[in-house]
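Here the protein sequences come in this chain order: A and B. For the first sequence, numbering that gives the first Met the number 0 gives the first residue as 0, with consecutive numbering after it. For the second sequence, numbering that gives the first Met the number 0 gives the first residue as 0, with consecutive numbering after it.
For the record, the hints were derived by calculation from the structure and aren't laboratory data. Everything hinted at is true.
DSS-like cross-link-like pairs, simulated, lysine-lysine; straight-line CA separation at most 30 Å:
(1) B:Lys268 - A:Lys268
(2) B:Lys224 - A:Lys158
(3) A:Lys231 - A:Lys268
(4) A:Lys241 - A:Lys268
(5) B:Lys158 - A:Lys224
Every value quoted in this text rests on a predicted model; they were computed, and no experiment measured them.
There are 2 protein chains.
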Amino acid sequence: MTSQPRLAFIGLGIMGAPMAGHLLRAGYPLTIHSRTKSKAADLLTAGATWSDTPAAATSAADVVFICVTDTPDVEAVLFADHGVVHSARPGLIVVDHSTISPTATKRFAADLAKRGATLLDAPVSGGDVGARNATLAIMVGGDRPAFDRVLPLLQYLGKTITHCGPAGSGQLTKLVNQILVSVTTSPSAKRSRSPPPVASTPTGAIQAVAGGAAGSWQLSNLGPKMIAGDRKPGFMIDLQLKDLRLVQEAAADLGLHLPAVELVASLFKNAQATGHGREGTQALFDEVRRVSTR
Amino acid sequence: MTSQPRLAFIGLGIMGAPMAGHLLRAGYPLTIHSRTKSKAADLLTAGATWSDTPAAATSAADVVFICVTDTPDVEAVLFADHGVVHSARPGLIVVDHSTISPTATKRFAADLAKRGATLLDAPVSGGDVGARNATLAIMVGGDRPAFDRVLPLLQYLGKTITHCGPAGSGQLTKLVNQILVSVTTSPSAKRSRSPPPVASTPTGAIQAVAGGAAGSWQLSNLGPKMIAGDRKPGFMIDLQLKDLRLVQEAAADLGLHLPAVELVASLFKNAQATGHGREGTQALFDEVRRVSTR
Numbered sequence: 000m001t002s003q004p005r006l007a008f009i010g011l012g013i014m015g016a017p018m019a020g021h022l023l024r025a026g027y028p029l030t031i032h033s034r035t036k037s038k039a040a041d042l043l044t045a046g047a048t049w050s051d052t053p054a055a056a057t058s059a060a061d062v063v064f065i066c067v068t069d070t071p072d073v074e075a076v077l078f079a080d081h082g083v084v085h086s087a088r089p090g091l092i093v094v095d096h097s098t099i100s101p102t103a104t105k106r107f108a109a110d111l112a113k114r115g116a117t118l119l120d121a122p123v124s125g126g127d128v129g130a131r132n133a134t135l136a137i138m139v140g141g142d143r144p145a146f147d148r149v150l151p152l153l154q155y156l157g158k159t160i161t162h163c164g165p166a167g168s169g170q171l172t173k174l175v176n177q178i179l180v181s182v183t184t185s186p187s188a189k190r191s192r193s194p195p196p197v198a199s200t201p202t203g204a205i206q207a208v209a210g211g212a213a214g215s216w217q218l219s220n221l222g223p224k225m226i227a228g229d230r231k232p233g234f235m236i237d238l239q240l241k242d243l244r245l246v247q248e249a250a251a252d253l254g255l256h257l258p259a260v261e262l263v264a265s266l267f268k269n270a271q272a273t274g275h276g277r278e279g280t281q282a283l284f285d286e287v288r289r290v291s292t293r
Numbered sequence: 000m001t002s003q004p005r006l007a008f009i010g011l012g013i014m015g016a017p018m019a020g021h022l023l024r025a026g027y028p029l030t031i032h033s034r035t036k037s038k039a040a041d042l043l044t045a046g047a048t049w050s051d052t053p054a055a056a057t058s059a060a061d062v063v064f065i066c067v068t069d070t071p072d073v074e075a076v077l078f079a080d081h082g083v084v085h086s087a088r089p090g091l092i093v094v095d096h097s098t099i100s101p102t103a104t105k106r107f108a109a110d111l112a113k114r115g116a117t118l119l120d121a122p123v124s125g126g127d128v129g130a131r132n133a134t135l136a137i138m139v140g141g142d143r144p145a146f147d148r149v150l151p152l153l154q155y156l157g158k159t160i161t162h163c164g165p166a167g168s169g170q171l172t173k174l175v176n177q178i179l180v181s182v183t184t185s186p187s188a189k190r191s192r193s194p195p196p197v198a199s200t201p202t203g204a205i206q207a208v209a210g211g212a213a214g215s216w217q218l219s220n221l222g223p224k225m226i227a228g229d230r231k232p233g234f235m236i237d238l239q240l241k242d243l244r245l246v247q248e249a250a251a252d253l254g255l256h257l258p259a260v261e262l263v264a265s266l267f268k269n270a271q272a273t274g275h276g277r278e279g280t281q282a283l284f285d286e287v288r289r290v291s292t293r
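With the hints as extra help, turn the sequences into a complete structure.
Have a look at this one:
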């Protein structure tokens with residue numbers, strides 16, 4: 000890679016916009032594109048260049064970053080009319096930060112490889128706070144030399160950056176992450192339904208167990224929100240269910256039966272069905288309380 | 000309490016023996032009793048005094064510590080012939096470090112109170128390593144002034160010492176702890192069944208997710224053992240099931256339905272039924288792998 004690669008960033012949502020901002024402030028020439036141009040305003044003011052299509056953004060860049068929502072969104076950015084593939088050329092590296100299907104990712108990587116371009120799947124964990132503070136965990140699958148070349152760029156975005164294996168393995172690792180996140184939310188939720196003797200000092204009870212073998216990020220971060228009745232989304236139930244669907248699809252591809260995932264997905268679906276989809280995952284509290292007291 | 004209270008310790012198993020040793024080395028006069036006298040040898044060499052019965056140990060002590068296995072064991076130590084109650088007197092404090100039924104604990108506390116003695120339920124978390132290193136988490140229920148009086152003694156045994164509320168609330172908090180511990184083991188186990196792309200760097204995959212929202216004590220400590228095939232018990236499946244039975248009994252008392260606990264208990268029971276009861280909880284890996292690949 001040249002010492003000053005030209006970058007493009009496609010998808011300027013709650014995650015993509017701050018990530019693109021870090022790359023721009025690091026001094027790289029940056030072309031941006033998003034379905035909604037208004038989301039680009041701050042970045043354009045700060046010196047980024049607008050492109051009307053993914054293909055146009057790609058033609059101006061050595062490395063293209065993508066951060067959209069789901070598998071069909073990535074497929075459209077890459078392969079629709081005016082998609083990245085139409086400007087793909089040997090040496091181009093595409094870094095996909097979206098959380099999508101590992102199976103589809105392998106197919107996308109193979110299709111881009113026909114044009115000499117390399118796709119790295121690089122889903123992130125850490126939420127909007129992690130994106131703003133550049134403390135994301137980034138789980139990367141794909142060609143190792145390409146990973147080594149973009150690693151200095153990823154270090155502007157995250158703190159824990161891991162090459163997990165060939166194409167698709169970043170997405171698989173992210174799905175493992177989402178299994179752990181979602182299943183850990185479920186027992187945390189039960190805590191809040193404890194009977195009066197402990198509930199009289201619920202925060203103390205969390206402190207009592209959080210330092211030991213029961214400790215988890217979910218307990219320490221979401222437990223206090225459950226107790227306080229704070230349902231503001233760090234991570235929305237709708238998106239958790241999207242990721243659990245990806246987990247279940249991947250499990251089906253592999254012939255796996257994951258009973259805890261199925262249980263937790265059913266609890267989250269009930270929470271969504273009762274109107275909590277756009278609340279944070281800690282609102283599972285309400286659903287667990289509902290099914291717990293029959 | 001006098002500046003130098005006389006102590007007794009009943010139950011010198013894998014947890015009790017090192018805990019009693021900390022109190023002895025701290026300079027307190029210590030009387031000990033255990034069903035198996037051979038377990039007392041090291042403590043007797045170090046200066047402890049043997050008693051043939053819990054009642055005799057109690058008559059020589061201002062504070063009596065108990066660390067046995069299950070509800071009937073504590074009931075026998077307290078109320079059987081030659082039990083603690085027969086030497087109980089006003090001002091005596093009994094600290095029960097066993098993990099047992101919260102409901103039975105409340106009954107035991109009321110029965111001791113009739114003799115003017117105070118029972119504190121003080122179950123611990125942190126395993127044999129925590130007992131040896133005096134880094135246990137101790138969750139205490141019962142009379143607050145009694146808690147304040149024994150706190151300086153508990154600080155020789157543990158690091159995180161929390162007064163959770165009235166009698167039984169230490170046991171309830173410990174059961175919350177065991178829910179979180181056991182349910183977090185289940186998704187961790189699934190990790191090890193990941194397909195080849197990630198499994199080629201399983202330790203890296205754990206590192207990739209452990210620092211973020213999926214992180215937990217169980218993942219960081221048991222995940223590597225699952226990958227290495229190390230089934231040596233930190234905490235035995237047999238004992239985990241004993242604690243899950245206590246959780247389910249407490250839930251039944253409260254009219255609660257805890258679906259994740261039921262799922263995890265059924266997985267652990269299958270692991271026990273297939274001969275893994277005396278292995279560490281990380282051996283749940285095998286059971287999850289078995290049910291996952293149908």
